[in-house]
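Keeping the supplied structure of chain A fixed, place chains B and C upon it in accordance with the hints.
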Amino acid sequence: MRLTFQHVSKRFMTMRGAVDAVHDVSLEIKDGEFFAILGPSGCGKSTLLNLAAGLEKPTAGEIRFDDRVVASPERRIFLPPRNRNVAMVFQSYALYPHLNVFDNIAFPLRIAREKDAHIKMAVKRAAEMLGIENLLERKPAELSGGQRQRVSIARALVRRPEVFLLDEPLSNLDAQLRTGTRAELKCLQRELKITTLYITHDQTEAMTLGDRIALLKDGSLVQAGTPEEMYEQPKTTFAATFIGSPPMNLVPAKVKEKDGRITLAFGDATMVLPREKTEQAKQLKKQQVLLGIRPEHVTLRSEASGQTLSGTVTAIEPLGREALLHISTECCHILVLTTEKDLKTDERVFVCFDPNRVHLFGPEQQTK
Amino acid sequence: MKEDRFKKILLALGALLTVLFCLSPFFYMALTGLSLHPDFLLPDRPLCITLSHFHTVVASDSVHFLAFLRNSLIISTASAVICVFIASLAAYAITRLPVPGKVFLMFLILAVSMFPPVSLVSYLFKLMSALGWINTYQGLIFPYVAWTLPLSLWILMSYFAQVPKDLDRAGLIDGCSRLQILVKIIFPVAAPGIFSTMLLAFIFAFNEFLFALMLTTDHSARTVPVGIALFEGLYGQIPWGEIMAAATITTIPVVILTLIFQRRIIQGLTRGAVKG
Amino acid sequence: MKTERLKKPLFHLPGNLARMPALDSERWIAFGFMVPLLLFVVLFILIPVLGTLVDSFSLDVTYLPKRFLGLENYDWLLRDPGFWQSVRFTCLFVVVSVPLEIALGLMIALVLNEQLPMRGLLRACVLIPWAIPAAVSGRVFELIYNYSFGAANYLFRVLHLTDGPVNWLGSEAGAFLALVVADSWKTTPFAAIILLAGLSSIPDDLYRQAKVDRATFIQRFTRITLPLLKPVLIVTLLFRTIDALRVFDVIYVLTGGGPGGTTTSLSLFGYHYFSAGDFGYGSAASVILFLLAFALSIIYIRLGHFEQEVA
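Which chain is which? The protein sequence lines are A, B and C, in order.
FYI, numbering that gives the first Met the number 0 numbers position 319 of the first sequence as 318, with every residue one higher than the one before it.
FYI, numbering that gives the first Met the number 0 numbers position 180 of the second sequence as 179, with every residue one higher than the one before it.
FYI, numbering that gives the first Met the number 0 numbers position 242 of the third sequence as 241, with every residue one higher than the one before it.
Just chain A, with the same shape it has in the complex (with noise of 0.2 angstroms):
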């Protein structure tokens, strides 16, 4: 099922005035895609899925599943959401609490009045697949957080929904059956080929389980695309900065021409920027621009040159088999990842950017 979001808004009255949860934000999200929407609180995520789930209506724009309009406040249709074939897992679970794990996943099975032999089949299948067979008898009450998840799972696959919606599922739960439960919804997911989208703030989980992500800000969509293309072209300083951990480094900087070269100043170091780049730095010229460098694109020396900026080392994190070190310079904070383990605190070093990891983000690209 391909699920369309087509220039969509959400606007709610509050007692300060209008706020637009969703502003204008469309997306296309392709059969059995796992997708990802990562943002920070606040940023209309959960807001999206409401829409997507029918428990809410958009303000404006159109939602299909596939070539089939489920919202639109022009045309004025709305499925609700037990016409839609969705089923949503909730960040706090939301079992029935006085109903044990049996009931819970028949539940919808039930509403639907289907057969007593078949709801008993369907069920079991859905708990062996998350493993839950042996907890049937008991009550959520009586289960742990990792147990209730899965029956909350359970209970959304029983019905073999056409879009599956997660809302921060691994955020309860506790940093090591975190790592663990994702692998597995990951492996669930390409088993069972649904479309599922996935609300997170976490960028790692965004990172590593989506097929595509996209960020919001706000309400409004900042980037959409692959991992490799968030990570690699961030298109504001925000996607730049949000994912990826640690975090991109932003340097002020100045476009300079002198003799036809295009060269990058930042602190007192000059940079020659690689053919790629000179074209998007000639726009750029004579406006505050922010470069950006990864902290594993950032390479230590000994001396002092023209390309480097120098600074003091003012604090270093041991990551095992690297090192984070915090570097004040003159102009800014610089976060290096390097594996060089002979650096001590206030050590005078001197940073140098790879020119060909480098970003420009223009005072457009620039977001809080």
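Calculated directly from the structure, the hints in this document are not laboratory data.
The structure presented is a predicted model; accordingly, all values stated were derived computationally and were not measured.
A hint or two may mislead.
A few chain A positions that, by computed beta-carbon distances, are all more than 12 angstroms from chain B [claimed, not checked]:
hint, residue
1, Tyr95
2, His200
3, Thr240
4, Thr269
5, Gly319
6, Phe349
Quick list of in silico lysine-lysine cross-link-like pairs, DSS-like style, CA-CA up to 27 angstroms [what the hints assert, rightly or not]:
hint, chain 1, residue 1, chain 2, residue 2
7, A, Lys185, A, Lys216
8, B, Lys125, C, Lys210
9, A, Lys255, A, Lys281
10, B, Lys6, C, Lys210
11, B, Lys6, A, Lys216
A virtual CB, placed ideally from N, CA and C, is assigned to each residue, including glycine.
Using the frame of chain A, we list chains B and C on its own:
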């Protein structure tokens, strides 16, 4: 330390006084019911214990006490059940659905609960007369339902608000209609609260006086409070023994109910009167 | 500063009414769910009230033809000494019994708030007076205040408080006192329960801190308990005042309004005319009572200051 002991004594005294204050009228009532003559507190009068008053109340043809009891139980139970069901629908709507004019309705319903019964009973009497509902069960049940709705609504709203809204969402996605969500999800999850509300509605309906006084003229639908209030002797003398026996019979189930459900009743009341 | 304090609401609409999982298209369902309640309230409460109002403008006595009178009933009412007597009595009754109930209720609540053995049993005892019908308790107190052999006179005799038996129900002052006691006995539990809820919401830490600061019991009471209890006290006060205004059951049973109409509350005043068949005049009296109660309930609601959070 001295303050502590002083405080303990004060507390014990306070507790004792409270119990005396609350329960002494009952003992007097029960004693009078059991005593052959009501004047046993006078200096030379003996205290003869007898069950004759109880017997008269229950068995005599001229005293319709059992009829009153039956009427009260049927009317109060029916009112409580109907009231709580209707209030549940409204409570669900108010806590979860876009009810047009919600705040105005809340004001209205709160204000309605403060109306003096005397300000509507005369016209209510005319209404019931016109419908031919004087001295009928429905003639009391319907007004009682209306009368207990505001408080029931208030209490149910605070119980329903505690049911997580994610359960509603899950229900919607699982294919439920709103009514199904109410019946299959909210009712079971909020069952204790619903029970408390029904208990309170029952008590209010059972104890109601003015409506029952004006809307009944004979014992076919008359309730216990009115029956006991109008219990007069046949020969001009007030039959205190019988009255107190009837009162005792009325009080015993109430006492038992209160003892068993005291926590529920208090919970419901405080939700109704203080912040939700 | 002062106005800021007043703006804090005394109570909230139960539950968080914001962000419900609902759609505007569900307005019809919402309306449908509300209809039964609205139907009952309109048919059996609002229409009767309006009907009473209309009746108060006419000459409506059984066996006599009905006639429109305009405000004549009210004119008569305001010149009726019986009416003013009932107004005076009602006001006096409210002013005396409500503070009494609240004070007693507070004392009981203070006792119940402590960790006592058999606390549940104690609370049940306190609830029982509230749980029985007022008519029943009224008759019991009628017996208690009986001139010849009632328990009240027995106590007074045994404790040598008076020379002879007191004519409670036969004298104006005696009847008044008897009513206050009978009503307070029944309504104090309600006040106690509500105040207890308020008391238990005061965090223990405040008292502990005060004890560390060497505050005496009285200081703790006046500086911590009372101020924090203020919203609950005000709510209870208003609630009970409105209830006391409309008092009927216990007076009907205990004194019947006597002796000589001196303990007739406004409710009873109206009822007497109803039972005599004079619906017009009785309606007028009950409309006035209604307006009084309504005015008070507006104050109550304004003070409560509903906060609505809109989705």
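To see whether the hints hold, each was checked on the structure:
no., hint, in the structure
1, Tyr95, "6 angstroms, violated"
2, His200, "18 angstroms, holds"
3, Thr240, "32 angstroms, holds"
4, Thr269, "57 angstroms, holds"
5, Gly319, "39 angstroms, holds"
6, Phe349, "55 angstroms, holds"
7, A:Lys185 to A:Lys216, "25 angstroms, holds"
8, B:Lys125 to C:Lys210, "63 angstroms, violated"
9, A:Lys255 to A:Lys281, "9 angstroms, holds"
10, B:Lys6 to C:Lys210, "14 angstroms, holds"
11, B:Lys6 to A:Lys216, "61 angstroms, violated"
When each numbered hint is compared with the structure, violations occur for hints 1, 8 and 11.
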